[in-house]
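Visitor: Here is what each chain is made of, one letter per residue.
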Amino acid sequence: MVDQLFPQVGLAMADVLERLGYQVDFPEGQTCCGQPAFNSGYRAEARTVAKHFLKTFRDAEAIVVPSGSCTSMIVHHYAELFQKEPETLARVHALETRVWEFSKFLLEVAGVEDVGARMEDIVTFHDGCHALRELGVKDGPRRLLSHVRGLELREMTPAEECCGFGGTFSVKFPELSGAMARTKIDAILRTGARTVVSLDPSCLMQIQGVLSRTGSNIRTMHLAEVLASR
Amino acid sequence: MSAEFDQKIHSTLEDANLQLAIYTATGRLKEKRIETVAPGVLPDYQELRTQANAVKKHTIENLDHYLEEFQRNVEAHGGKVIFCEDATEVTDFVLSLARERAAHLIVKSKSMTTEEVDLNERLEHHHLESVESDLGEYILQLAHERPYHIVAPALHKTRYDVAKIFTERLHVPNETVPEKQTAIARSVMREKFLAADIGISGANFLVADSGAIVLVENEGNARLTTSAPKIHIAVAGIEKMIPRAQDLATFLKLLGRSATGQPLTVYTSFLSGPRRGEEIDGPDEFYVVLLDNGRTRLLPDRDKRQSLYCIRCGACLNTCPVYRKIGGHSFPWVYSGPIGAILTPQFMGVNHEPGLPFASSLCGACYEVCPVKIDIPKILLELRSDVAKSNVREGRKRMERLTFRVFAWAASHPRIYTMAARMASAFSPSSNGRWIRKVPFFMNVAPLRAWLSERDLPPAPPKSFRQLWRRR
Amino acid sequence: MSRDRILHRVRTGLGRGAGQAIPDPPSARIRIPEVDMETRISTMRARIEALAGKTCRTATATEARDYVRAAIEGKTAVASNAPYLEECGILNLPNVRTGITSRDELRDLCATTDIGITSADYVLADTGSLVMLSSPQEARLVSLLPPMHLAVVPRHRILTGLDELFSLLPRPAEQTSCMVLITGPSRTADIEQILVRGVHGPGEITVVIVG
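Chains as they are written, first to last, in the numbering used here: chain A, 1 to 230; chain B, 1 to 472; chain C, 1 to 211.
No lab work stands behind these hints, which were simulated from the structure alone.
Certain hints may be false.
Cβ pair distances, simulated, as ranges [what the hints assert, rightly or not]: (1) GLY29(A) <-> THR50(B): 37 to 45 Å; (2) GLY17(C) <-> ASP44(B): 31 to 39 Å; (3) GLY136(A) <-> ARG471(B): 30 to 38 Å; (4) ALA195(B) <-> GLY17(C): 46 to 54 Å.
Coverage of chain C stretches by chain B, computed from C-beta distances (three or more under 8 Å per stretch; other residues unrestricted) [as the list claims (entries may be wrong)]: (5) 9-17; (6) 22-29; (7) 134-141; (8) 178-186.
Every residue, glycine too, gets a C-beta built ideally from N, C-alpha and C.
Starting from the given sequences, assemble the full structure and let the hints guide the process.
Guide: Here you go:
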């Protein structure tokens, strides 16, 4: 998704990491983590895609992912997929510890909170469900954002509610998905923020899609883009 | 998913008043739960959840043992246990007992298990009057409707709805003040409690070491149902079992808070048989109906059997962003919300409503609030896999399966994957970076149509990340 | 027989044999906090009052009796046969009917009386709950049918909470057919989530602590 629709997110992430002294590699063989298939009940197909992922990233020191849901797929659900294949399962476990959602990588591996970013804006942060509940990401992005010069962060109430994307859910139950998104947008509007920040491109696509449909000027940005701003 | 499911969802989403009622009521319950389990208020909350999960796991894994222990103890205190396979057996038991005792009037306290077996309808069919005594359930009984929510059955009714129902069914003057409506129900019900031959209740817990049932409520109707009539029948699913009375120190702390944000409901009754010895009041006869109705079918699956840990608190409903939009009546069975979404396919078969496991964004909020830690999202994902497998077997949804097989194949062949992606981008309408509202007819496939029905599409960027990266 | 079929299915589903032993259950979690009596009393009173119940504390049994006399002035009252009520002299009060042991008589009386007076076996401080075990001395309906419930309890019966209760009383079923925890007046929010008190049980509750 980042590759095809939001390349600026990938570039921003690479920027931030390089500035911190990391050497960033993009294995061209990568395609997808397999979540769409898994999510839709097609486990055999998901396994095929997962195996390709395992192969592509086998030798990577650290795999940094600009998405909570993809990270969660890899570190929580790959093991579920390969319960009956001990060899592959072993490879999954070997990989799991090297996979990091972007904000967690910055805080827990790079050990930084201030990446020297600057962005004059009023933003609100949307907690994507996978990152929040499966990866335990809540304070981290807020700490990172707190060091962005010129940035004011306002919290939504209610907080922590799903944007309604849910993968294929968004197209299997479009009206419902849209209704959930509009509730989220009501909360966003109440903050008065001009930008919605999240660390999940799928949430951003959903939220921006509805914002655009309603003719709103509010924009969405990935956390990486904010942190890459100077 | 079935057209019926889609239609019910659609009509609920369209009804602005209903949307407000559902969202506000569940919002209130959600907030109250959060207040009463906050770290400053219940510091042990997470530990209690862990304990509750462990106790339920142990009990379910050894359920036969506890069922037998329960029965022994009920009988030791002068009661009887009746095992029933299904709705028919429950009805037959109640009918035959009613006949033997020449009983005509039954009062009932709230029980989702009796809803599950349509007990009232079946009894009425045999000319027994069976009156719901819980205010919300009473309103629904008069309106001939199913409960909207596990704990707050009349959540979808306004006071004006209630006034209309009372006027039409009770022939009382129009009354829209809730306090007065409650008073009407109270006086109707008082007569019934005191005249009833049989009281039928559910059970929140079955306590094996005591041969007891536990009933929690706020109104007092369950106490009256189980203390005024001479016969008390409790109907409960076999999975309601807990091993010891002492386990209530854990479960009672979780149930009220999770359900309605109450540390304890107004009345918590621990009932272990007919009145004893010289006790002055209480029933002369005490029966516990243990219902299977498909629960045993869930036991063999080690992952999914945790669905049976449920203590019916309703917290998952109150926190679910999907339930809060589509409400209880969109669901095909008596159990709604996330717990309903996992129980229904397991009881009724995945093909009963194949769309149900997919009607979730898998946000995980339900798992977060479940007092017994049922991993609902995990079970939904497994059920989705079950649906997909069933479709393959029955030759349904071939297009979808083909799409994913192609996707999986392409995703294992990066060059093909990238090429396909670039082709799709090339055909995407140009838009100067603005998000897209319409696509050309040949691209207007179902998923895109579905997406575009509610929101705009991101425009394809001039270059993909891959291309940009190579240039760096 | 359904019982046999159901148990058989349970066992098959779980991979267990008939009569097979079970592993030890996780120990029951009982944690009794240390709370002094004065704190218990003030917590209990705060909880009950937060639920729109009333509380009163009297130094002596005689004062309790006087309080009750004033509370039931001009009203009809039925009292259980609790020894503690006898001790306080409450059973001798003029408009109090008591000493009834017939189920039907008691029921009809409770259904037509303004106030039900009982003692309680325990009170749980952290939730403000009365714990009442049904017995020849304490019938169920006295605390349930009349629209007002008045309970008089000596302070030494106040426990910290559920954990202490189930520690003292691990097998309530051995004592009684009915143990009920009463936490505030009867209520419902079934209509538009609007709180209404006194639905089927008493809409008013008063707890008198003696000592």
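Visitor: For every hint, state whether the structure bears it out.
Guide: For each hint, the structure was consulted:
1. GLY29(A) <-> THR50(B): 37 to 45 Å: At roughly 42 Å between Cβ atoms, THR50(B) and GLY29(A) fall inside 37 to 45 Å, so the hint holds.
2. GLY17(C) <-> ASP44(B): 31 to 39 Å: 37 Å, holds
3. GLY136(A) <-> ARG471(B): 30 to 38 Å: Check passed, 37 Å falls within 30 to 38 Å.
4. ALA195(B) <-> GLY17(C): 46 to 54 Å: 49 Å, holds
5. 9-17: holds (count 7)
6. 22-29: Holds, because 6 residues of the stretch 22-29 of chain C bring their Cβ atoms closer than 8 Å to Cβ atoms of chain B.
7. 134-141: Held - the stretch 134-141 of chain C has 6 residues with a Cβ nearer than 8 Å to chain B, which meets the minimum of three.
8. 178-186: Coverage by chain B holds here, the residue count being 9 at a Cβ distance below 8 Å.
Against the hints set out earlier in the document, no violation occurs for any number.
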